[in-house]
Amino acid sequence: MALGNDVHVTLAGAIVALIIAAMVGATLWWMLHPPSSYVQRIAKRAESELERMVGSLIVVFSPEIDSSHMLALAVKLARGERSELLAIYIIEVPYTLPPDAEMPSEERAALDALGAAETIANNNNVTIRTETVKTRSTKQAVLDVAKRVKADLIILGSFREGKYSGAPLGRTIEEIAADAKCDVLIGVEGKHGTLLIDETLQSASPQTS
Amino acid sequence: MSVPRTKAPEPELRRSVTPWGSFSWGYSDVGADIFVGLGLVLAWAAGATNVAFLFAGIVYVCIGLAYTELASTYPVAGGGQYFVMRGLGDLFGFIAGWAVLLDFTIDVTLFAWSSVDYTSQLVPALVNSAHPWLHFLVVLTLVLGLCLLNVLGVRESTAFNGFVSALDVISETLILCLGFLFAFRPGLLIHAMHFSWPTPYQLMLGTSLAIVSFVGLESISQAAQETQRPASIIPRTSVALILTILIFALAYSNLALGLHPWHPITDAHGHPMQFWQIFPHNADNQGKAVALLAEQVPYYGAFAALYVPILGAVLLLISSNSGVFGSSRIAYAMSSANLLPSIFQRVHARFRTPVISIVFFSSIAVIELIFAALPALVPAASHLYSQFFHGENGLEFLADLYAFGAATSYSFVFLGLIALRLHDPLSPRKFKIPLNIPMRIRGERVDFPVIAVLGFIGIFSILLFTLRTHALGRIFGPTWLVLGVVLYLLYRNHRRLPILRSRRRDWRTEQIDILRRSGELELMDEYLANLKASDARRAGQT
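If you're matching them up, the sequences are chains D and A in order. The opening residue of the first sequence carries number 1 in my numbering; numbering runs sequentially from there. The opening residue of the second sequence carries number 1 in my numbering; numbering runs sequentially from there.
Note that these hints are calculated values from the structure, not bench results. Among the hints, erroneous ones may be present.
As a list, the in silico DMTMM-like pairs of lysine to aspartate or glutamate whose alpha-carbon atoms are at most 25 Å apart [as the list claims (entries may be wrong)]:
#1 K432(A) x D447(A)
#2 K432(A) x D535(A)
#3 K44(D) x E118(D)
#4 K139(D) x E118(D)
#5 K134(D) x E81(D)
#6 K44(D) x E226(A)
#7 K44(D) x D525(A)
#8 K76(D) x D112(D)
#9 K44(D) x E526(A)
#10 K147(D) x E107(D)
#11 K430(A) x D513(A)
#12 K44(D) x D447(A)
Label-pair distances were calculated between CB atoms; the ranges are [said to hold, decoys possible]:
#13 N282(A) x H8(D): 21 to 31 Å
#14 A43(D) x I58(A): 21 to 31 Å
#15 N122(D) x L174(A): 43 to 53 Å
#16 L18(D) x I58(A): 17 to 27 Å
#17 R495(A) x I42(D): 43 to 53 Å
#18 I190(A) x G25(D): 27 to 37 Å
#19 T141(A) x Y38(D): 44 to 54 Å
#20 H194(A) x I19(D): 31 to 41 Å
#21 L152(A) x R41(D): 56 to 66 Å
#22 R79(D) x S363(A): 32 to 42 Å
#23 R41(D) x H263(A): 36 to 46 Å
#24 R52(D) x N436(A): 44 to 54 Å
#25 Y38(D) x I190(A): 51 to 61 Å
The beta-carbon is built from N, C-alpha and C at its ideal position, and this holds for glycine as well.
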């Protein structure tokens with residue numbers, strides 16, 4: 001039996017080689033694909049919901065609605081999920097003025113808000129579109145823009161300080177949340193959160209000692 | 001008066017080990033075994049090496065299935081020792097744990113030794129027979145270094161383990177596939193089996209050494225408490241590990257016997273030799289069999305010769321390290337269960353590591369190293385070893401003890417599995433070993449595991465082979481156990497704990513807690529329903 005530097009492939013060797021490769025590959029593939037548990041299925045559903053929820057985002061600003069803190073969150077979300085991001089500033093024109101009336105102080109405030117929005121987006125390498133909308137009704141304008149851009153999520157901040165008018169979140173915000181056809185995310189800053197608690201109830205509750 | 005504060009929950013181990021992480025924990029331990037075992041088995045079982053691996057492999061499959069069922073039913077750190085303690089009581093739990101501790105200390109020395117052997121393929125100065133003192137000092141440095149790293153709390157990460165394991169699985173699959181494709185001659189295999197069949201004594205010895213290639217499944221159970229969804233993941237990773245290792249072991253043994261060497265091998269007289277013939281009576285070759293085989297694979301061998309020794313050395317060093325932290329972990333678990341003195345639970349204030357455990361068991365590893373290296377270092381000792389211990393070399397001595405510890409602990413694990421099936425039929429078993437005999441005990445349906453009985457017979461026969469054929473193993477192995485039992489009895493007596501009986505424990509509450517903490521909420525619901533149904537049945541009977 002000559003042992004040397006020659007090589008020839010035998011059928012048995014080739015079959016065994018094939019079986020080894022197939023068995024090792026199949027075993028590892030099977031191991032890495034376990035069936036998911038009930039909890040994992042819930043988590044997966046929630047995650048896929050998120051993908052559907054954040055495809056297109058609108059962040060709403062107005063003289064009554066301060067969304068600057070929510071914009072930073074929206075930018076992070078858009079960056080992670082590669083969403084389309086639109087920031088709109090709504091200027092409500094009173095019926096006493098024509099629809100296209102000039103409102104310098106509001107327009108100036110819009111430039112500041114949307115400029116800050118662009119800065120945050122640029123800092124995070126996210127593309128953002130901005131728009132200023134003049135309207136008779138903030139709620140209707142937001143819903144119309146959402147319909148036009150097929151928004152998946154409307155993001156709103158809370159009312160501006162000093163504008164509290166009885167409705168815990170501000171009437172406009174509540175109306176948008178009630179009538180929107182897509183998801184709505186409302187962010188209340190911690191320092192304003194206490195305003196949402198009914199003070200009469202708070203005073204009536206027993207003191208903890 | 002201040003508002004009462006709720007108590008902060010006890011910190012728990014974070015469940016961050018993924019399926020691949022769990023597999024690689026086991027693989028970095030068991031996967032390294034073939035690097036050590038192949039050469040030793042080829043040296044003794046010769047033409048029946050594949051048969052020795054097959055027998056040990058069948059037993060290993062039974063062991064693997066037993067561990068899979070137990071680790072997925074009781075996903076806690078502690079492994080075999082915990083299962084045996086729960087099934088058979090404190091004393092047997094201690095013996096199983098003490099045998100595993102022997103294995104872990106041997107693991108440290110044996111794999112560090114073999115790691116240096118593989119390195120010697122590239123650095124000839126480290127060849128043991130040529131430079132025994134240098135070899136000894138390097139192994140000693142590695143053991144002490146690992147001890148120090150573990151004291152400082154430096155551990156290789158799961159990611160590193162995963163990377164090395166992936167590299168090794170790919171590498172070994174390539175070596176085997178290309179080896180069978182280009183260098184396998186069925187005629188050589190048949191020739192070796194026909195003309196070089198070993199004596200029954202050699203076959204027994206070879207088989208007892210072959211089990212060395214399958215030790216380490218414990219690691220997956222050890223990490224159960226950190227594994228995500230352990231009851232679901234561990235069965236998969238364990239079965240995958242069992243299959244992968246079995247495929248490799250059977251393929252290596254058959255390839256080694258039927259390998260047509262790429263570079264001709266001749267004996268001292270210039271006569272051609274088969275590949276496997278380079279292992280008998282050559283401890284240097286026995287320690288690096290996989291590297292030598294890889295080198296002989298046509299084409300690929302030139303490349304493999306460069307990296308396989310390094311990959312083998314790294315994998316073996318990881319395995320050696322798993323011995324250091326594994327022993328401290330087992331000692332910690334045994335100490336928590338009042339099987340060992342509480343000193344083994346003591347954690348260093350600064351490093352937050354169980355320093356006493358690490359240093360104690362590393363010291364035992366060093367003593368084992370000195371004993372294994374002595375014949376090569378001191379010629380007078382070599383004469384003594386030849387006279388009393390059949391002239392076993394250092395590697396064989398370590399492998400003897402490794403086989404003894406593994407066979408002992410695995411025997412108890414099988415008994416523990418049988419006992420748990422009978423005592424605890426209500427715990428949901430996401431994975432159950434097939435082939436069971438249904439029966440009723442105290443009104444409960446019980447599945448008696450036939451495979452566990454067969455596995456016990458298999459591993460117990462390997463234990464008997466070890467005691468029959470290993471001159472050193474049959475002295476030092478039982479001595480270790482007797483010493484441990486004496487310490488256990490003294491400790492239990494000192495602490496005024498039941499000496500031969502077990503402490504009372506509420507296993508029901510513990511099991512609910514185990515399943516809740518492991519995130520297996522569906523299994524927890526199933527267990528609670530089983531308990532309720534069982535209690536209702538008993539109430540109806542009375």
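We went through each hint and held it up to the structure:
| no. | hint | in the structure |
| --- | --- | --- |
| 1 | K432(A) x D447(A) | holds (9 Å) |
| 2 | K432(A) x D535(A) | holds (24 Å) |
| 3 | K44(D) x E118(D) | violated (33 Å) |
| 4 | K139(D) x E118(D) | holds (23 Å) |
| 5 | K134(D) x E81(D) | violated (30 Å) |
| 6 | K44(D) x E226(A) | holds (22 Å) |
| 7 | K44(D) x D525(A) | holds (22 Å) |
| 8 | K76(D) x D112(D) | holds (21 Å) |
| 9 | K44(D) x E526(A) | holds (24 Å) |
| 10 | K147(D) x E107(D) | holds (24 Å) |
| 11 | K430(A) x D513(A) | holds (17 Å) |
| 12 | K44(D) x D447(A) | violated (36 Å) |
| 13 | N282(A) x H8(D): 21 to 31 Å | holds (29 Å) |
| 14 | A43(D) x I58(A): 21 to 31 Å | violated (40 Å) |
| 15 | N122(D) x L174(A): 43 to 53 Å | holds (49 Å) |
| 16 | L18(D) x I58(A): 17 to 27 Å | holds (24 Å) |
| 17 | R495(A) x I42(D): 43 to 53 Å | holds (47 Å) |
| 18 | I190(A) x G25(D): 27 to 37 Å | holds (29 Å) |
| 19 | T141(A) x Y38(D): 44 to 54 Å | holds (51 Å) |
| 20 | H194(A) x I19(D): 31 to 41 Å | violated (24 Å) |
| 21 | L152(A) x R41(D): 56 to 66 Å | violated (42 Å) |
| 22 | R79(D) x S363(A): 32 to 42 Å | violated (54 Å) |
| 23 | R41(D) x H263(A): 36 to 46 Å | violated (56 Å) |
| 24 | R52(D) x N436(A): 44 to 54 Å | holds (47 Å) |
| 25 | Y38(D) x I190(A): 51 to 61 Å | holds (54 Å) |
Checked against the numbered hints above, the structure breaks hints 3, 5, 12, 14, 20, 21, 22 and 23 and satisfies the rest.
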